[in-house]
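Colleague: Counting from 1, position 26 in the sequence shown corresponds to residue 396 in our numbering; the numbering is continuous, with no gaps.
Calculated from the structure, these hints are not laboratory results. Computed from a prediction, not measured in an experiment: that's the story for all the values here. Cβ atoms here follow ideal geometry from the backbone N, Cα and C, with glycine treated the same way. Check each hint, because a few of them may be wrong.
[Said to hold, decoys possible] Here are the simulated distance ranges between beta carbons:
id	residue 1	residue 2	range
1	Leu392	Arg430	52 to 62 angstroms
2	Phe378	Glu413	29 to 39 angstroms
3	Arg408	Arg444	26 to 36 angstroms
4	Glu429	Glu470	56 to 66 angstroms
5	Arg440	Arg481	54 to 64 angstroms
6	Arg414	Arg434	28 to 38 angstroms
7	Glu417	Glu456	50 to 60 angstroms
8	Arg434	Arg471	50 to 60 angstroms
9	Arg434	Glu413	27 to 37 angstroms
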Amino acid sequence: MYEKDQGFFILSQIFNLEILRLKLSVEIIYVLLFEREREREREREREREREREREGERERGEERRGEERRGEERRGEERRGDGEGERQRQRERERGGERERGRERERDRERERERERERERESIDYSSGT
């Protein structure tokens, strides 16, 4: 009987060890699954971080482009302003030239009138016989 009890004891120990082995296997599987899930979560977090960085880069790029566009607009306005100023100066020069030509024409007319008066005086002088 003792041997029988000892056989059962040994078998129960074997079963207990087998059960422990299975429990450990299950635990190992859980740990591996847990680790895999943690790794996936870390990867998702890294991807979110990269996306935030890309979004930040996009925003900074848009800000930079906006600043460049505003700078170009300012420079364009300045250039247009310079161009407008140059056009204004050109118009003033032209007007000044026109004014000068107008004055010249007026002087020419005045000289012509003076000559006419002079001729009239001469013709009056000739007709009166003096």
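Colleague: Give a verdict on every hint.
Modeller: Do the hints match the structure? See the list:
1. Leu392 <-> Arg430: 52 to 62 angstroms: holds (56 angstroms)
2. Phe378 <-> Glu413: 29 to 39 angstroms: violated (51 angstroms)
3. Arg408 <-> Arg444: 26 to 36 angstroms: violated (53 angstroms)
4. Glu429 <-> Glu470: 56 to 66 angstroms: Given about 59 angstroms between the Cβ atoms, the range holds.
5. Arg440 <-> Arg481: 54 to 64 angstroms: holds (59 angstroms)
6. Arg414 <-> Arg434: 28 to 38 angstroms: holds (30 angstroms)
7. Glu417 <-> Glu456: 50 to 60 angstroms: holds (56 angstroms)
8. Arg434 <-> Arg471: 50 to 60 angstroms: The hinted range 50 to 60 angstroms holds for Arg434 and Arg471, with Cβ atoms some 53 angstroms apart.
9. Arg434 <-> Glu413: 27 to 37 angstroms: holds (31 angstroms)
Consistency note: the structure conflicts with the earlier hints numbered 2, 3.
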